[in-house]
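> Residue numbers (numbering that gives the first Met the number 0), protein chains in the order written: chain Y, 0 to 70; chain L, 0 to 196; chain G, 0 to 341.
Hints were generated in silico from the structure; no laboratory data involved. Incorrect hints may have been included.
Here are the simulated distance ranges between beta carbons [stated by the list, open to error]:
id: 1; chain 1: Y; residue 1: Val38; chain 2: G; residue 2: Ala237; range: 24 to 34 Å
id: 2; chain 1: L; residue 1: Tyr74; chain 2: G; residue 2: Lys336; range: 37 to 47 Å
id: 3; chain 1: L; residue 1: Tyr74; chain 2: Y; residue 2: Ile49; range: 55 to 65 Å
id: 4; chain 1: Y; residue 1: Thr52; chain 2: L; residue 2: Ile145; range: 35 to 45 Å
id: 5; chain 1: Y; residue 1: Lys62; chain 2: L; residue 2: Tyr74; range: 47 to 57 Å
id: 6; chain 1: Y; residue 1: Thr52; chain 2: G; residue 2: Val183; range: 30 to 40 Å
id: 7; chain 1: L; residue 1: Phe78; chain 2: G; residue 2: Asp254; range: 29 to 39 Å
id: 8; chain 1: G; residue 1: Lys188; chain 2: L; residue 2: Val181; range: 21 to 31 Å
id: 9; chain 1: Y; residue 1: Arg60; chain 2: L; residue 2: Ala177; range: 42 to 52 Å
Where is the CB? At the ideal position from N, CA and C, for every residue including glycine.
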Amino acid sequence: MIKYFFALLTFFISSGAFAQGESAATSNNFMLSNHKVFVSVAVLTIILLIIFTFLFWIERRLKQLEAGQKS
Amino acid sequence: MYVFSSVLVIYFALQYNNSIQELSPVVWSVLFWLIILFSSVNAIANSFFREPEGRFYYYYWLISPQALILAKLFYNFIFTVFLSLLSFGIFSLMVSNPVVNYPVFLITIILGGTGYSFLFTTMSAIASRAGNNATLMAVLGFPLVIPLIIFLTKLSAAAIASPELTDETMRNIMLLVAFNIVQPVLALILFPYIWRD
Amino acid sequence: MCVILLLYVVLGSYMVPLSPGISKVEPLSIRPDSIYSLELSCYHTHFKNPGVGKIQFWFKSGNDYFPARELRILSDNKIEAKFGVGSLQQDSLKSTNFDIVGNDDIDGTFALREGITLIKSTQPDSASTLLAKTGVVEVVHNKHQFLAFPYREILYESIRNTFFHVPMWFVMTALVFFSLVFSVLYLNKGNMRYDIYSHQSIVVALVFGICGLATGMVWAKNTWGHYWVNDPKLNGAAVGVMIYAAYLVLRGSIDDEIKRARIAAAYNIFSIVIFALFIYIIPRLTDSLHPGNGGNPAFSKYDLDSSLRMFFYPACIGWILLGFWIFSILARMQLIKQKQEL
Numbered sequence: 000m001i002k003y004f005f006a007l008l009t010f011f012i013s014s015g016a017f018a019q020g021e022s023a024a025t026s027n028n029f030m031l032s033n034h035k036v037f038v039s040v041a042v043l044t045i046i047l048l049i050i051f052t053f054l055f056w057i058e059r060r061l062k063q064l065e066a067g068q069k070s
Numbered sequence: 000m001y002v003f004s005s006v007l008v009i010y011f012a013l014q015y016n017n018s019i020q021e022l023s024p025v026v027w028s029v030l031f032w033l034i035i036l037f038s039s040v041n042a043i044a045n046s047f048f049r050e051p052e053g054r055f056y057y058y059y060w061l062i063s064p065q066a067l068i069l070a071k072l073f074y075n076f077i078f079t080v081f082l083s084l085l086s087f088g089i090f091s092l093m094v095s096n097p098v099v100n101y102p103v104f105l106i107t108i109i110l111g112g113t114g115y116s117f118l119f120t121t122m123s124a125i126a127s128r129a130g131n132n133a134t135l136m137a138v139l140g141f142p143l144v145i146p147l148i149i150f151l152t153k154l155s156a157a158a159i160a161s162p163e164l165t166d167e168t169m170r171n172i173m174l175l176v177a178f179n180i181v182q183p184v185l186a187l188i189l190f191p192y193i194w195r196d
Numbered sequence: 000m001c002v003i004l005l006l007y008v009v010l011g012s013y014m015v016p017l018s019p020g021i022s023k024v025e026p027l028s029i030r031p032d033s034i035y036s037l038e039l040s041c042y043h044t045h046f047k048n049p050g051v052g053k054i055q056f057w058f059k060s061g062n063d064y065f066p067a068r069e070l071r072i073l074s075d076n077k078i079e080a081k082f083g084v085g086s087l088q089q090d091s092l093k094s095t096n097f098d099i100v101g102n103d104d105i106d107g108t109f110a111l112r113e114g115i116t117l118i119k120s121t122q123p124d125s126a127s128t129l130l131a132k133t134g135v136v137e138v139v140h141n142k143h144q145f146l147a148f149p150y151r152e153i154l155y156e157s158i159r160n161t162f163f164h165v166p167m168w169f170v171m172t173a174l175v176f177f178s179l180v181f182s183v184l185y186l187n188k189g190n191m192r193y194d195i196y197s198h199q200s201i202v203v204a205l206v207f208g209i210c211g212l213a214t215g216m217v218w219a220k221n222t223w224g225h226y227w228v229n230d231p232k233l234n235g236a237a238v239g240v241m242i243y244a245a246y247l248v249l250r251g252s253i254d255d256e257i258k259r260a261r262i263a264a265a266y267n268i269f270s271i272v273i274f275a276l277f278i279y280i281i282p283r284l285t286d287s288l289h290p291g292n293g294g295n296p297a298f299s300k301y302d303l304d305s306s307l308r309m310f311f312y313p314a315c316i317g318w319i320l321l322g323f324w325i326f327s328i329l330a331r332m333q334l335i336k337q338k339q340e341l
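Could you build all of it, start to finish, from the sequences and the hints given here?
If you want it as structure tokens, here you go:
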């Protein structure tokens with residue numbers, strides 16, 4: 000499970016870089032109203048939120064486990 | 000034996016291309032150091048692996064770990080330097096010998112040989128405690144030896160190219176010296192931990 | 000926590016536009032004693048906007064500014080300017096590469112460094128049309144009307160990648176250093192906890208290292224044209240990733256726990272020292288395409304603009320926090336697992 004998470008993280012980060020590359024190539028002479036950029040921003044934010052939800056969920060489970068172990 | 004056969008392989012490979020005369024300095028250096036790499040890996044692997052199990056206990060009771068590792072390092076150092084010089088001799092017989100700047104090149108050989116020997120001695124010490132696996136030693140050692148090879152090839156290419164001692168060459172030599180000093184020190188410190196058991 | 004920081008960084012890095020600049024000029028070189036009509040393609044400029052005020056363009060060489068004779072606006076981004084240089088002035092110039100500098104009320108000052116070359120003429124013509132040389136420039140350095148990233152040639156928009164690629168390596172360095180500390184602590188004290196910590200921090204460091212390599216490769220493909228270049232820093236980074244992969248292999252091959260911990264710690268210390276020696280010292284000594292090397296310190300004033308800095312520092316902190324968070328989660332999981340086995 001952790002390995003999937005790491006794969007997701009890697010994918011997210013490399014797609015971040017990739018999206019910038021795309022925007023550089025396409026918008027060399029265009030203004031920022033190039034809509035493709037917004038799409039990539041949205042996608043990246045969603046992936047980032049998924050990663051954070053996953054981390055929060057694990058944190059909560061861990062806290063339960065640790066409390067269970069202590070008692 | 001190993002050195003001789005690998006040099007023969009290289010010679011035949013190059014003959015096929017019919018381009019021995021135009022071997023660029025970098026290619027020559029790379030091939031040379033790769034041969035030394037493989038022969039020294041084999042030789043040093045044997046130095047730790049051939050010992051039967053009981054002998055380790057014998058050493059443990061008899062001498063301190065530092066003495067053991069120093070002895071192994073020293074022996075491997077002498078052996079590897081000898082091996083490098085031998086390879087150089089055979090290499091220059093079979094493939095052309097374009098070395099122009101002999102002092103730098105000899106220094107490079109000695110420093111490179113010591114670098115290889117120290118590194119692989121430590122790695123084989125580690126690997127011998129982890130199950131006597133020769134591939135493991137190679138896996139552990141290769142990433143660390145890559146920067147060393149980069150520098151050795153640069154230095155040897157410089158030695159082939161020009162007879163004078165440039166600033167960059169001096170810098171590379173200092174780096175190699177630093178590398179060779181750092182390693183035995185680290186090995187000395189770390190070996191007692193590896194050794195226990 | 001780091002969530003807020005990272006969200007801020009990621010969103011901001013995309014929303015902030017690039018500051019204006021001159022991207023292309025045609026033709027690329029001129030000879031003295033003629034008037035040339037140069038077509039300048041600019042980026043993010045607003046020439047047709049009514050608030051643009053007075054548009055000015057100059058050639059700049061050293062401290063000498065040569066204003067344009069005539070300007071004709073073609074579109075928001077393109078402008079045609081007539082320039083000429085007298086051959087009698089050519090010897091008093093500092094260099095034959097001129098910067099092209101532009102200025103207007105909305106966009107502030109923007110420039111193309113070394114945009115045009117002067118091919119010196121061998122027969123100076125004394126009756127040439129000399130260009131009026133303005134010694135002191137009435138350049139009004141307008142503030143940008145909006146927050147903008149600096150405009151750098153070659154990089155263009157992908158400068159935003161600085162917030163992704165560079166912090167990855169910072170995280171990896173921090174985690175590797177942590178792992179070194181824990182390994183030393185383990186060898187000194189023998190507490191299994193330190194071994195778990197050093198193992199997990201190497202795992203997370205490896206993941207971030209791979210991310211750093213991936214971002215670097217994508218960036219390289221976009222700016223330099225190749226995924227991988229023969230560059231000492233890149234090679235050092237690849238070697239580092241390989242070293243830690245070898246560390247994990249080593250850990251996998253020993254079964255006895257205490258022995259594994261000890262040997263892995265020893266290998267860790269040995270390799271980190273050598274690795275640090277090679278990855279930090281070498282790139283500073285040699286030339287490389289990588290920014291921040293080849294004699295320059297890593298983050299000189301030249302590389303980081305103040306607007307970039309506003310995003311860069313939070314980005315570093317955010318990513319490092321994320322890395323440590325993941326590390327602590329993994330470490331705690333291992334600790335719990337270990338306790339349950341007892």
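> Could one say that the CB atoms of L/Phe78 and G/Asp254 fall in the range 29 to 39 Å?
holds, 32 Å
> Do the beta carbons of Y/Lys62 and L/Tyr74 sit within 47 to 57 Å of each other?
For Y/Lys62 and L/Tyr74 the Cβ distance comes to about 56 Å; the hint holds.
> Between L/Tyr74 and Y/Ile49, does the beta-carbon spacing fit 55 to 65 Å?
Check passed, 57 Å falls within 55 to 65 Å.
> Return holds or violated for the Cβ distance of L/Tyr74 and G/Lys336 against the range 37 to 47 Å.
holds, 44 Å
> Is 42 to 52 Å a correct range for the gap between the Cβ atoms of Y/Arg60 and L/Ala177?
Holds, since Y/Arg60 and L/Ala177 (Cβ atoms, about 48 Å apart) stay within the stated range.
> Please check whether Y/Thr52 and G/Val183 have a Cβ separation lying inside 30 to 40 Å.
Given a distance of about 36 Å, which is inside 30 to 40 Å, the answer is holds.
> Take a look at whether the Cβ-Cβ distance between Y/Thr52 and L/Ile145 falls inside 35 to 45 Å.
holds, 40 Å
> Evaluate the given range 21 to 31 Å for the C-beta pair formed by G/Lys188 and L/Val181.
holds, 25 Å
> Can you let me know if the beta-carbon spacing of Y/Val38 and G/Ala237 is within 24 to 34 Å?
holds, 32 Å
The structure is consistent with each of the numbered hints, conforming to all of them.
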